[in-house]
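Trainee: Chain residues, written in single-letter form:
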Amino acid sequence: MTPIPDIGTWIAALLTLAALSFLYKDNPIFRFTESLFAGISLGYYVGITLNQTLLPNLIAPLTHDFNQNWDLLVPGLLGILLYMRYVPKTGWMSRYALAIFVAYYIGLDFTRRIHGEVLPQLARAIVPLSKFDAHTILWSLVFAIGVFSVLIYFFFSKEQDRITRRVARVGIYFLMVSFGAAFGFTVMGRVALLIGRLNFLILDWIYPLIGIR
Amino acid sequence: MASFADRLLGLDRRWLFLLVFIGVVTPIVFPIGLPVTTTASTRAAFEYIEALKPGSTVLISYDYGPSSAPENDPMAEAVMRQCFLRKIHVVICALYPLGGLQLANNSVAKVTAEFPSLQYGEDYVSLGYKDGAAAVIKRMGDDIAGAFPIDVRGTPLSQIPLMKNVKSLRQVDVVLTVATGIIGEYWITQAHAQSGVPVIIGPTAVGAPKYYAYLNAGQLVGMLSGMKGAAEYEKLLAARYPELARFYGSTRAFTATKGMDAQTVIHVIIIVFILIGNVAYMSRRAAQRRAGAR
Amino acid sequence: MNLEFGRVTLVVLFALLPVLGIALGFFVPALRARGPLFVAFFAGIIPILSLYIPKRFLSGETGMRPRLDQWLIIVAGFALLLGIVNVIQNGTRKIARREEGWFFSVVLLTGLLVTGGVGIWGAISGQGITTLPNGAATPFKWIADHFFLPLQATIFALLAFFMASAAFRAFRARNTEATILLAAGILVMAGRVPLLEFLAAPFPPIQPAAAGASQALGKLTEWIMQTPNGAAQSGIIIGAALGASSMAIRLILGIERGYLGLGGGE
Amino acid sequence: MRNGLSRAPARPPLFAAPLLALLLFLLFRPAAAAPPETSPPASPELPAPTDFVAKDRSGDGGNAILLTWKDPPGLPENAVIQIRRTVPPAYEWTDVATAKPGVQRYEDTTAKDGVVYRYEIRTAAPAAPAAGAAPAATPAGPPVVSDPVASHDNWFAANRINSFIASALFLLILLVSISMAKSGKNIFIRRIAGLNAIDEAIGRATEIGKKVLYVPGIQSMDEIQTIASISILGHVARATARYGTDLDVPNKDPITFASAREVVRSAYLQEGRPDLFREEMVNYVTYDQFAFTAAVSARMIRERPAAIFLIGYFFAESLILAETGQSTGAIQIAGQADPTQLPFFVATCDYTLIGEELYAASAYLTREPILLGSVRAQDIAKAIVILLGIAGIVLTSLGLTWYPNLFKTQ
Numbered sequence: 208m209t210p211i212p213d214i215g216t217w218i219a220a221l222l223t224l225a226a227l228s229f230l231y232k233d234n235p236i237f238r239f240t241e242s243l244f245a246g247i248s249l250g251y252y253v254g255i256t257l258n259q260t261l262l263p264n265l266i267a268p269l270t271h272d273f274n275q276n277w278d279l280l281v282p283g284l285l286g287i288l289l290y291m292r293y294v295p296k297t298g299w300m301s302r303y304a305l306a307i308f309v310a311y312y313i314g315l316d317f318t319r320r321i322h323g324e325v326l327p328q329l330a331r332a333i334v335p336l337s338k339f340d341a342h343t344i345l346w347s348l349v350f351a352i353g354v355f356s357v358l359i360y361f362f363f364s365k366e367q368d369r370i371t372r373r374v375a376r377v378g379i380y381f382l383m384v385s386f387g388a389a390f391g392f393t394v395m396g397r398v399a400l401l402i403g404r405l406n407f408l409i410l411d412w413i414y415p416l417i418g419i420r
Numbered sequence: 059m060a061s062f063a064d065r066l067l068g069l070d071r072r073w074l075f076l077l078v079f080i081g082v083v084t085p086i087v088f089p090i091g092l093p094v095t096t097t098a099s100t101r102a103a104f105e106y107i108e109a110l111k112p113g114s115t116v117l118i119s120y121d122y123g124p125s126s127a128p129e130n131d132p133m134a135e136a137v138m139r140q141c142f143l144r145k146i147h148v149v150i151c152a153l154y155p156l157g158g159l160q161l162a163n164n165s166v167a168k169v170t171a172e173f174p175s176l177q178y179g180e181d182y183v184s185l186g187y188k189d190g191a192a193a194v195i196k197r198m199g200d201d202i203a204g205a206f207p208i209d210v211r212g213t214p215l216s217q218i219p220l221m222k223n224v225k226s227l228r229q230v231d232v233v234l235t236v237a238t239g240i241i242g243e244y245w246i247t248q249a250h251a252q253s254g255v256p257v258i259i260g261p262t263a264v265g266a267p268k269y270y271a272y273l274n275a276g277q278l279v280g281m282l283s284g285m286k287g288a289a290e291y292e293k294l295l296a297a298r299y300p301e302l303a304r305f306y307g308s309t310r311a312f313t314a315t316k317g318m319d320a321q322t323v324i325h326v327i328i329i330v331f332i333l334i335g336n337v338a339y340m341s342r343r344a345a346q347r348r349a350g351a352r
Numbered sequence: 073m074n075l076e077f078g079r080v081t082l083v084v085l086f087a088l089l090p091v092l093g094i095a096l097g098f099f100v101p102a103l104r105a106r107g108p109l110f111v112a113f114f115a116g117i118i119p120i121l122s123l124y125i126p127k128r129f130l131s132g133e134t135g136m137r138p139r140l141d142q143w144l145i146i147v148a149g150f151a152l153l154l155g156i157v158n159v160i161q162n163g164t165r166k167i168a169r170r171e172e173g174w175f176f177s178v179v180l181l182t183g184l185l186v187t188g189g190v191g192i193w194g195a196i197s198g199q200g201i202t203t204l205p206n207g208a209a210t211p212f213k214w215i216a217d218h219f220f221l222p223l224q225a226t227i228f229a230l231l232a233f234f235m236a237s238a239a240f241r242a243f244r245a246r247n248t249e250a251t252i253l254l255a256a257g258i259l260v261m262a263g264r265v266p267l268l269e270f271l272a273a274p275f276p277p278i279q280p281a282a283a284g285a286s287q288a289l290g291k292l293t294e295w296i297m298q299t300p301n302g303a304a305q306s307g308i309i310i311g312a313a314l315g316a317s318s319m320a321i322r323l324i325l326g327i328e329r330g331y332l333g334l335g336g337g338e
Numbered sequence: 045m046r047n048g049l050s051r052a053p054a055r056p057p058l059f060a061a062p063l064l065a066l067l068l069f070l071l072f073r074p075a076a077a078a079p080p081e082t083s084p085p086a087s088p089e090l091p092a093p094t095d096f097v098a099k100d101r102s103g104d105g106g107n108a109i110l111l112t113w114k115d116p117p118g119l120p121e122n123a124v125i126q127i128r129r130t131v132p133p134a135y136e137w138t139d140v141a142t143a144k145p146g147v148q149r150y151e152d153t154t155a156k157d158g159v160v161y162r163y164e165i166r167t168a169a170p171a172a173p174a175a176g177a178a179p180a181a182t183p184a185g186p187p188v189v190s191d192p193v194a195s196h197d198n199w200f201a202a203n204r205i206n207s208f209i210a211s212a213l214f215l216l217i218l219l220v221s222i223s224m225a226k227s228g229k230n231i232f233i234r235r236i237a238g239l240n241a242i243d244e245a246i247g248r249a250t251e252i253g254k255k256v257l258y259v260p261g262i263q264s265m266d267e268i269q270t271i272a273s274i275s276i277l278g279h280v281a282r283a284t285a286r287y288g289t290d291l292d293v294p295n296k297d298p299i300t301f302a303s304a305r306e307v308v309r310s311a312y313l314q315e316g317r318p319d320l321f322r323e324e325m326v327n328y329v330t331y332d333q334f335a336f337t338a339a340v341s342a343r344m345i346r347e348r349p350a351a352i353f354l355i356g357y358f359f360a361e362s363l364i365l366a367e368t369g370q371s372t373g374a375i376q377i378a379g380q381a382d383p384t385q386l387p388f389f390v391a392t393c394d395y396t397l398i399g400e401e402l403y404a405a406s407a408y409l410t411r412e413p414i415l416l417g418s419v420r421a422q423d424i425a426k427a428i429v430i431l432l433g434i435a436g437i438v439l440t441s442l443g444l445t446w447y448p449n450l451f452k453t454q
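Chains as they are written, first to last, in this note's numbering: chain A, 208 to 420; chain B, 59 to 352; chain V, 73 to 338; chain X, 45 to 454.
Worth flagging that the hints you see were computed from the coordinates, not collected in a lab. Cβ atoms here follow ideal geometry from the backbone N, Cα and C, with glycine treated the same way. One or more hints might be untrue.
[Said to hold, decoys possible] Ranges of calculated distance between the beta carbons of each label pair, as one might list FRET restraints:
id : chain 1 : residue 1 : chain 2 : residue 2 : range
1  : A       : 228       : X       : 435       : 56 to 64 Å
2  : X       : 252       : A       : 372       : 31 to 39 Å
3  : B       : 201       : A       : 377       : 35 to 43 Å
4  : X       : 122       : B       : 267       : 35 to 43 Å
5  : X       : 439       : B       : 79        : 52 to 60 Å
6  : A       : 228       : V       : 169       : 26 to 34 Å
7  : X       : 251       : V       : 247       : 24 to 32 Å
8  : X       : 251       : A       : 369       : 38 to 46 Å
[As the list claims (entries may be wrong)] Restricting the straight-line Cα-Cα distance to at most 20 Å, the calculated cross-link-like pairs of lysine to aspartate or glutamate (DMTMM-like) are:
id : chain 1 : residue 1 : chain 2 : residue 2
9  : A       : 232       : B       : 70
10 : V       : 213       : A       : 213
11 : B       : 168       : A       : 366
12 : X       : 156       : V       : 133
13 : B       : 196       : X       : 151
With the rest of the complex left out, here is chain A (with noise of 0.2 Å):
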């Protein structure tokens, strides 16, 4: 670590305090600064695009080896038949390689959702009720409840009953306490991240500038 901040240190820091004056209101220098990071962003996911995804996916494999990578010149091409959108008359020509594209992942996604939830959260919501304590039995039983009124309240095709609107309702209540649970667990690891920015402030940035170490 250097005595005195490095000019890296000072942008990171002072960026830093432009992107949190936006808390207070927004002004020209968090306009700066956040149109400054929309374009590096974007600079950077060109680099990482390009360094991680065509060059060892597409160029190398091709260069290298390309008796045994010859197929991979067809998603080149899906690739550029993206672009024919910008030319009004063969604008539908991209829908082939939207088409492609979409469908795979949304047949793959389907792989996940009955295989890899449905069944798999059923197996888990169903407990036996008489193999524990009494205490068990009833967590297990509290579980299988919440589950179960939670998915009533997920019907939308028939009108709600007398029993079925108790049902519901006690599905919402699982819902909120979810809701405000899930929120209050997750305060620890925000107030961390914003621990480690004024940590980067105070130990890396003032306390060398005004000589403390």
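Since the structure of chain A is provided, determine the placement of chains B, V and X on it from the hints.
Mentor: For chains B, V and X alone, coordinates are given in the frame of chain A:
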């Protein structure tokens, strides 16, 4: 009363922002040292390392990124200080892809600077970063040099005195994984399960619950859960070692104890404001009802 | 040349069919909408079949599904340029017309061109975008470390402030639901930090009791997170997964086609 | 993870497995080869494992042989099972692995498809536990040799039969419900508050002459929530086209951006107002989550939209956007299917579409029979889930502990 309640309810949120800011800055600059009670899992980790003989080897793996640094940094540093005081050898590696190595380098530089007599290569070694956590851990179980052929300074492991007797995880006495995300679990399911090396984990508070099962099953010898766990560890260290008590009482650097001060203060601020808001809301509603009844 | 069955099938489905569709699309306008939906069906069905059919041509390491995955990572890489073109178009227009705030568009475009430029240079020159052989940072990494990452972390850290203001405003006992939200929120917040010990600090005699209560509160927090919160999350996840599955099936079957700009439904 | 088979007793019947094994057995019946020589000589006090079977691991992508055996009674505590294999007709045994007692199974994933192997197992007890002792010195029991076996890739992942049945059943329910809805069956759909508010919010924006801001999440079109959001965006854009209200759709993902622009353009066309559509309505900001957040938050403060829609897949930025929007006094409607960010939307927005409501939205807004039929199908599926769950709790409580395993997937 009602008008005061209205003013409270319509409070400019920037006052709250200012309070939060002060609440975090103050403990960083002037530590308060709020009381922390130690939990069994932290004590277990502490005592396990206390029981190691001088010359044993502890591996500390930096398995987290910058966003959880305030929670995770103090854990790694506290254990490192304990090891150095007890003349236990420390091997450091980093398995988290984004920024893990830089964190490890900074943190190691900071702590080793506190112990000027330490010799790199004799007392501690930094292996650097390797991509593909699960595969790396698996490889280290058989052959550490296979996973990390050279250390962070470019020296082949075979030429490093400390590594002479540490060929695989089997010769490591305990692993501390300071982790966010999945890498901590790899140490349990791969390293501990295959080579039997004891594991201590230092997860973020959000990640901690899932490790209780491993702790109960005896697959972990201890756990420092979140910033609170790290603060507990600092308290245990300060109680055992007067020099660390002096250090933690006077350091300018960030410690988990300061972090917990800030966390507690912010939680108190938020809870107090919620309560104030509710009192003001109730009194306004009561006033409105009275006005309506008239 | 590698002419495995799976690979050739991919090329037929996602190169030959589209080329054919485009060629015919010039003469039969109806195909401009139908063609993509037809191809989409095959793209969507491959991962689903692959879940249940472990045959190597489909699901093996170089089979159709993993290979299609590699393909589409490349397509996504190309897509970034779509956004960049739009940003440059909008920026230059603002500057050319001297619209309000045009100066900030200059800043934005400068940031984009400099950072993107050194990133492209890293790829062309072969020096990469991390560290140079002598251990120094590349210009790209230097910009990332001192501009990009601090800003990212700071905006992320704004959440600490917004958590406080949102809690103050939202956690009010307006009705039963809001009261439950409030109670759960306060309990969990109090259980995460040694709050009771803090409050008991000035009164040494009650400190042990406070420490005990604090731990009990911690346990209660864990119970809330695992039992009622876990149950509600399970319920949300199951319901949402069914909704997502039905949407996925409609999309793969070509019933849902709004995402292509083809209007809703049929 | 392919080790799921270790839970074998608790899973649905693998009818395919014995069938395949039989087939293999017929294909590779021992070709009357002389029993292979083994060395070193057996040590008589170590008992041999029994019931040794080597077969292709079923339902996988090939290159794996499954070995099962029974530990002999009276196995010494420090004993291990040595596993070796050879490629007949050559009989050069190579070490594959050692297994601890009690495991009684091993998956050899180094096998090559189509190559015929024979496996041999035997008990071995290392004389001294000291590491580095020569393996040749360990006394070993008599070997047991398997029939020849070869691995191959399979046509059906038998261990996924439960999810296969569930998916097929859901597809069936969906198609039947859609066709019933299309044939004119009237389907009720209950009120969803957040969706009624959409028109109200756009109406207010029109009154005060401010724009409508719509953020379709920060994920790409590879996420179903984004698709659902894009479909709601179509509805919002039709309304803004009808009322002549300004619309602003900032994007973080470039593919979502491309799709959103098509959808908005086509909505303005459908409403007969292509003159009102401007390309800048749907714009691209940046690919970084927090740079996007900063830019959109600033836009909220500067341009003060009257209505803000945050619908799609959001991460940590949810609260920054929603809290900033709240401070501008805009009507805010949020929607997300994934539960993680819902607490923050619920705390800061006027209306929040929770979980499945996001997917029911299109049906609710358009009342199209196909979409109503889908919602119906989802309800039927939920009813089945609830019934299976309640039945499960009753049955497991009665001691049928295998029941929940019917739903465990691998």
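Trainee: A separate judgement is required for each hint: does it hold in the structure or not?
Mentor: Taking the hints in turn, this is what the structure says about them:
Separated by about 60 Å at the C-beta atoms, residue 228 of chain A and residue 435 of chain X satisfy the suggested range of 56 to 64 Å. Separation of residue 252 of chain X from residue 372 of chain A is about 37 Å and conforms to the stated range, judged on CB atoms against 31 to 39 Å. Taken as a hint, the range 35 to 43 Å is violated for the pair residue 201 of chain B and residue 377 of chain A, whose Cβ atoms sit roughly 57 Å apart. A C-beta distance of roughly 37 Å is found between residue 122 of chain X and residue 267 of chain B, which places it inside the suggested range of 35 to 43 Å.
Between residue 439 of chain X and residue 79 of chain B the Cβ separation comes to about 57 Å, which falls inside the hinted range of 52 to 60 Å. For residue 228 of chain A paired with residue 169 of chain V, a C-beta distance near 29 Å keeps the hint of 26 to 34 Å intact. Checking the proposed 24 to 32 Å range against residue 251 of chain X and residue 247 of chain V shows it holds: the Cβ atoms sit about 29 Å from each other. Look at residue 251 of chain X against residue 369 of chain A: about 40 Å separates their beta carbons, and that is inside 38 to 46 Å.
A threshold of 20 Å between alpha carbons decides the hint, and for residue 232 of chain A with residue 70 of chain B the separation of about 12 Å falls inside it, so the pair holds. In summary, the hint linking residue 213 of chain V to residue 213 of chain A is supported, as the alpha carbons are separated by about 16 Å, within the 20 Å threshold. Simply put, residue 168 of chain B and residue 366 of chain A have alpha-carbon atoms about 65 Å apart, too far for the 20 Å limit, and the pair is violated. The hinted pair formed by residue 156 of chain X and residue 133 of chain V meets the criterion: a straight-line CA distance of about 14 Å does not exceed 20 Å.
Pair hint residue 196 of chain B plus residue 151 of chain X holds up; C-alpha atoms about 18 Å apart against a cutoff of 20 Å.
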